[in-house]
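As you go down the protein sequences, you meet chains H and C in turn. Read in order, the letters of the first sequence are residues 7 to 84 in the working numbering. Read in order, the letters of the second sequence are residues 240 to 502 in the working numbering.
Check each hint, because a few of them may be wrong.
Said to hold, decoys possible - Below are the DSS-like pairs computed for lysine-lysine, each with C-alpha atoms no more than 30 Å apart in a straight line:
#1 LYS64(H) x LYS356(C)
#2 LYS451(C) x LYS389(C)
#3 LYS281(C) x LYS55(H)
#4 LYS281(C) x LYS486(C)
#5 LYS356(C) x LYS63(H)
#6 LYS281(C) x LYS413(C)
#7 LYS64(H) x LYS281(C)
#8 LYS451(C) x LYS356(C)
#9 LYS356(C) x LYS55(H)
#10 LYS281(C) x LYS356(C)
#11 LYS63(H) x LYS281(C)
#12 LYS356(C) x LYS413(C)
#13 LYS413(C) x LYS486(C)
It is worth saying that the hints were derived from the structure and are not from the lab. Model, not experiment: these values are computed from the prediction.
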Amino acid sequence: MTNLRYGGYLLLAMGFINLRYQTGHQSALLHSLAIVIPGLLLLLATFLKPTQEVLAKKNIQVIVAIIGALLVGYSFFN
Amino acid sequence: MDHVLLSGNQWSSLYNIFSFGLISMLACTVYTLVSQSRVLPKYRSALVMSSMVTFIAGYHYFRIFNSFNESTDMDTAGMLHTGVAQGAFNEAYRYVDWILTVPLLLVEVIAVLGLAKAASSSLISRLVPASAAMIILGYPGEISTNNGTKVLFGILSTLPFLYILYVLFVELTKSLDRQPEGVAATVSRLRLLLIATWGVYPISYLIPILVKNPSDGQMASLFTDRQIGYTIADVLAKCVFGLTILKIARMKSAAEGMADADH
Chain H
7 MTNLRYGGYL
17 LLAMGFINLR
27 YQTGHQSALL
37 HSLAIVIPGL
47 LLLLATFLKP
57 TQEVLAKKNI
67 QVIVAIIGAL
77 LVGYSFFN
Chain C
240 MDHVLLSGNQ
250 WSSLYNIFSF
260 GLISMLACTV
270 YTLVSQSRVL
280 PKYRSALVMS
290 SMVTFIAGYH
300 YFRIFNSFNE
310 STDMDTAGML
320 HTGVAQGAFN
330 EAYRYVDWIL
340 TVPLLLVEVI
350 AVLGLAKAAS
360 SSLISRLVPA
370 SAAMIILGYP
380 GEISTNNGTK
390 VLFGILSTLP
400 FLYILYVLFV
410 ELTKSLDRQP
420 EGVAATVSRL
430 RLLLIATWGV
440 YPISYLIPIL
450 VKNPSDGQMA
460 SLFTDRQIGY
470 TIADVLAKCV
480 FGLTILKIAR
490 MKSAAEGMAD
500 ADH
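Construct the entire structure; sequences and hints are all you get.
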């Protein structure tokens, strides 16, 4: 759960840095929110009991890791 | 920053220092990640935090590097105008990185010491808000063009900085008694590294206040020196700091019986 929490924080951080550097670009906010919102949701989910149970499942963790990696990649190229 | 006129050498120096910052952060991220198996599981979260800090900073340098390239135009005389082309270059963006990573740096220190839960929670609950306050209070001064505002927010952000030093040097020292041999000395060096590297930031902050009505050439030199200073301080405060955390984790793992911690 701690590693998922770190992952959520990482997405949130990268999304915010992404937002600052896109100021003035078209659809800046939308591009950055696509990273910030999943990060925020993941971070919150690691603190709530019902979602913690879901996140504890191995296959869910794999899916979250894949989506997270894709979003990190997206943050470099958008 | 609206616009600064750089010579070819100044521009190349900045190009190289940003590349250095970027690759140092990414290399350090990889190194601390692959070193996870060299320490006991209870110290791995400190290494994960170190990896996160350097990865976030590496991403930030990737953006700084692109922003710097994209915002520069060359005039007919061969001078480089930064901050005029696509987008804008602004060192205040660094504050976004700092507010996200500096609290984590302090948590790393506490995590790697493996203190009792109550002691660690108490230290974290004081250090994290203080570090966030230090950066938030510094930002209005950094973006202000008024020296009075700069001085005011400089003083305000120094207060939490002094509090952090107090916690690290007075409160944390009480928790170092039961650390294995050599760890207390390494933690002391880590704190000195922190003061030395964090000391660069206020100096860079103060430079624009000390130079009155700078010419274009002075502006360019100030800008170049500030970026170089910030980048070197970032590499020391994040990469070298992270490697010291790894060293402490390995010393503690070895002291607690991990057979291959010295490899």
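task = Against the structure, test the hints numbered earlier, and report the numbers of the ones violated in rising order.
result = Of the numbered hints given earlier, the structure breaks just one, which is hint 8.
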